[in-house]
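Peer 1: The listed protein sequences correspond, in order, to chains B and F. Number 318 in our numbering belongs to position 307 of the first sequence; there are no gaps in the numbering. Number 263 in our numbering belongs to position 252 of the second sequence; there are no gaps in the numbering.
Treat each hint with caution, since some may be false.
Copies of the same chain are indistinguishable here, so a pair counts whether it falls within one copy or spans any two.
Below, in silico cross-link-like pairs of lysine-lysine (DSSO-like), each with a Cα-Cα straight-line distance of 27 Å or less [claimed, not checked]:
#1 163 - 217
#2 221 - 189
#3 189 - 310
#4 119 - 47
#5 326 - 221
#6 326 - 189
#7 242 - 310
#8 19 - 217
#9 16 - 322
#10 50 - 99
#11 221 - 149
#12 99 - 51
#13 50 - 310
#14 72 - 25
#15 74 - 31
#16 326 - 16
#17 31 - 217
#18 189 - 47
#19 31 - 163
#20 31 - 326
#21 217 - 119
#22 326 - 163
#23 74 - 326
#24 269 - 19
#25 16 - 51
#26 19 - 322
If you are wondering where the hints come from, they were derived from the structure by calculation, not from laboratory data. Just so it is clear, the structure is predicted and the values come from calculations on it, not from any experiment.
The chain contents come next:
2 protein chains.
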Amino acid sequence: MVEKKTIKLDDVAKLAGVSKTTVSRVLNNRGYLSDKTIKKVHDAMDELNYRPNVIARQLFKQKTNLVALVFPTVDNPFFAELEAELEKRFDQLGYRVLMGNSQNNPAKEQDYLKLLLNHQVDGLIVGSHNQGISEYQKTTRPIVSIERFVGKQIPVVSSDNYQGGLLAVQRLLNDGCKHIIHTNYPINLVSPNELRQQAYEDLMNKHHRKPITYSVSFDVSDEEKERVFRKMFQEHPEVDGIFADNDTNASLIIRVGKEFNRHVPDDLKVVGYDGANITRTLSPELTTIQQPIPEMATKAVELLLQLINGKTDVKSVTLPVRMINSTTA
Amino acid sequence: MVEKKTIKLDDVAKLAGVSKTTVSRVLNNRGYLSDKTIKKVHDAMDELNYRPNVIARQLFKQKTNLVALVFPTVDNPFFAELEAELEKRFDQLGYRVLMGNSQNNPAKEQDYLKLLLNHQVDGLIVGSHNQGISEYQKTTRPIVSIERFVGKQIPVVSSDNYQGGLLAVQRLLNDGCKHIIHTNYPINLVSPNELRQQAYEDLMNKHHRKPITYSVSFDVSDEEKERVFRKMFQEHPEVDGIFADNDTNASLIIRVGKEFNRHVPDDLKVVGYDGANITRTLSPELTTIQQPIPEMATKAVELLLQLINGKTDVKSVTLPVRMINSTTA
DNA sequence: GTGAAAGCGCTAACAA
DNA sequence: TTGTTAGCGCTTTCAC
């Protein structure tokens with residue numbers, strides 16, 4: 012293979028008959044330059060088809076204009092929409108975005124954290140669900156978390172999970188449901204998920220009903236999830252309302268319900284959670300709680316940029332959710 | 012704000028009482044080193060909480076171990092699954108992945124191409140749908156395209172679109188459909204989409220039926236798409252079978268069909284295209300043509316790595332599709 | 001208006 | 001087994 016020599020700034024300088032400094036100035040529109048010089052330099056650049064080496068610039072500036080998004084996977088309507096919205100905003104601000112699919116694997120999450128510490132990215136947005144990663148405590152570099160408690164000093168952008176839980180359960184109660192079950196993922200200390208759970212339990216207790224919860228891990232196969240839901244219908248044939256922790260599970264529950272001859276919404280009502288666009292297109296019948304994904308993205312980007320720019324008192328924020336009324340409840 | 016001085020290799024060297032070279036060797040496990048030295052260096056690193064600066068290393072090596080994925084958006088089941096699969100594979104090979112959502116905007120696509128030319132990434136996977144970006148012709152750097160013809164010298168990984176078209180249309184014919192319509196996105200020269208169209212037309216002609224196609228742009232709102240589909244039902248009330256160019260459109264068509272009192276599959280049969288996992292979870296009833304997303308990802312990664320490693324005769328590949336039988340056709 | 005020179009943090013010949 | 005030195009390609013003070 013023919014090794015093409017890389018054209019560097021110095022080559023341009025020589026061809027144009029000026030110094031490296033001048034070429035650099037032309038490149039960055041900085042300082043005083045005569046039109047004649049600018050033209051000469053541009054001509055030389057064109058002739059050589061010069062491409063500045065961004066890495067060299069990054070080394071000097073100690074800044075990469077890169078951020079990483081650490082989420083379990085992008086192959087999920089909520090995360091896909093969130094990451095797309097984040098990318099759109101970062102792009103406008105001149106930042107490139109690294110995809111960090113952690114698969115909920117702590118080791119992978121730690122790898123991405125290292126990127127940050129190794130100065131390969133300027134900041135991190137984390138929305139993964141692993142706990143106990145000690146590096147988060149040690150670093151003072153820019154990190155913003157979404158829907159997840161990571162460490163004292165790391166700001167969190169979340170939607171109002173307690174309110175979301177109330178809306179969902181209240182809807183089922185209003186619909187006349189007597190036996191409402193909640194599905195969630197295994198609760199751990201780092202997730203605001205527990206606020207939905209809390210809202211469910213508070214409202215159930217207030218209405219003197221016994222809260223029943225089934226946990227489904229986030230990252231197992233659909234088949235595995237369906238097994239859990241089958242068990243749920245078997246153990247609780249009286250169930251007439253379900254508050255699912257996400258829309259995918261709501262879909263699966265409706266499907267499994269059919270196996271038990273439950274027709275939605277006549278003899279089973281289901282409220283989902285997330286309300287991503289894709290889900291609403293593919294499952295328009297689903298009644299669900301919509302998280303304000305675009306606003307969450309906007310806020311997370313805003314906070315991360317504050318951190319990158321050296322601001323220290325960056326505050327966590329909670330954004331309101333809303334109910335999407337459709338036909339499953 | 013307290014400016015923390017960055018710890019560099021030299022600081023470690025001084026503390027450990029050795030040279031930079033030695034520290035670098037310890038860092039990279041290269042060359043001969045006495046255990047004692049290794050320990051000293053590690054101790055110094057720990058004490059200073061040293062983090063190597065990856066950018067400096069990249070500058071020296073002229074390699075970033077970064078690749079960019081240029082697709083219209085990640086917020087779509089097909090692209091989300093494809094990008095997730097690509098990321099998984101690249102990660103295992105030590106490559107990080109940049110998300111390049113082009114929104115089908117040629118300017119954005121060109122920006123990402125520049126990343127490659129500016130040596131910020133080692134390679135590019137493109138699956139966006141813009142044509143006429145001349146840079147593709149000029150560069151000899153590593154690019155692999157997915158489901159898209161980009162330039163003579165750029166290898167393409169695609170699924171068998173002609174076969175997919177045949178399967179879909181044949182299914183509708185077998186189901187007894189007499190008036191089959193195909194929806195696609197506006198055909199341009201760079202898309203293998205036209206092969207599906209071709210299969211549809213060939214099969215229709217063979218059965219002496221008139222092919223009718225409605226085009227829906229990829230990146231307009233669901234509302235806009237539904238408008239087109241309404242028009243379709245109005246202009247062709249006789250339609251009894253639809254071969255949609257993707258599952259989302261299939262979903263929308265089924266929904267719009269309901270407005271016209273068409274019940275699927277009794278008086279309207281619909282076959283979708285893509286068969287991504289999310290879609291199958293959220294719309295399990297959909298009969299569709301499944302693209303082999305994981306295999307496409309595997310192949311694309313394989314080809315890109317060959318290019319990155321200097322191989323020149325990298326060949327395009329076509330992978331088989333299969334039918335997912337469900338209840339909409 | 002322009003240039004010389006130092007240096008961003010790391011690696012790898014080449015020496016010792 | 002370890003150290004010296006010269007870059008990787010760019011930017012920026014400081015001098016003219």
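Peer 1: So, for every hint listed, does it hold in this structure?
Peer 2: Cross-check of the supplied hints:
{"no.": "1", "hint": "163 - 217", "in the structure": "neither (33 Å within a copy, 69 Å between copies)"}
{"no.": "2", "hint": "221 - 189", "in the structure": "within (10 Å within a copy, 56 Å between copies)"}
{"no.": "3", "hint": "189 - 310", "in the structure": "neither (39 Å within a copy, 53 Å between copies)"}
{"no.": "4", "hint": "119 - 47", "in the structure": "neither (53 Å within a copy, 32 Å between copies)"}
{"no.": "5", "hint": "326 - 221", "in the structure": "neither (37 Å within a copy, 63 Å between copies)"}
{"no.": "6", "hint": "326 - 189", "in the structure": "neither (40 Å within a copy, 62 Å between copies)"}
{"no.": "7", "hint": "242 - 310", "in the structure": "neither (40 Å within a copy, 40 Å between copies)"}
{"no.": "8", "hint": "19 - 217", "in the structure": "neither (72 Å within a copy, 60 Å between copies)"}
{"no.": "9", "hint": "16 - 322", "in the structure": "between (43 Å within a copy, 18 Å between copies)"}
{"no.": "10", "hint": "50 - 99", "in the structure": "neither (35 Å within a copy, 46 Å between copies)"}
{"no.": "11", "hint": "221 - 149", "in the structure": "neither (42 Å within a copy, 68 Å between copies)"}
{"no.": "12", "hint": "99 - 51", "in the structure": "neither (37 Å within a copy, 46 Å between copies)"}
{"no.": "13", "hint": "50 - 310", "in the structure": "neither (43 Å within a copy, 45 Å between copies)"}
{"no.": "14", "hint": "72 - 25", "in the structure": "both (25 Å within a copy, 25 Å between copies)"}
{"no.": "15", "hint": "74 - 31", "in the structure": "both (22 Å within a copy, 23 Å between copies)"}
{"no.": "16", "hint": "326 - 16", "in the structure": "between (50 Å within a copy, 26 Å between copies)"}
{"no.": "17", "hint": "31 - 217", "in the structure": "neither (75 Å within a copy, 67 Å between copies)"}
{"no.": "18", "hint": "189 - 47", "in the structure": "neither (82 Å within a copy, 71 Å between copies)"}
{"no.": "19", "hint": "31 - 163", "in the structure": "neither (47 Å within a copy, 37 Å between copies)"}
{"no.": "20", "hint": "31 - 326", "in the structure": "neither (44 Å within a copy, 41 Å between copies)"}
{"no.": "21", "hint": "217 - 119", "in the structure": "neither (42 Å within a copy, 53 Å between copies)"}
{"no.": "22", "hint": "326 - 163", "in the structure": "within (11 Å within a copy, 52 Å between copies)"}
{"no.": "23", "hint": "74 - 326", "in the structure": "within (24 Å within a copy, 38 Å between copies)"}
{"no.": "24", "hint": "269 - 19", "in the structure": "neither (66 Å within a copy, 62 Å between copies)"}
{"no.": "25", "hint": "16 - 51", "in the structure": "within (22 Å within a copy, 40 Å between copies)"}
{"no.": "26", "hint": "19 - 322", "in the structure": "between (36 Å within a copy, 25 Å between copies)"}
Of the numbered hints stated above, those contradicted by the structure are hints 1, 3, 4, 5, 6, 7, 8, 10, 11, 12, 13, 17, 18, 19, 20, 21, 24, listed in ascending order.
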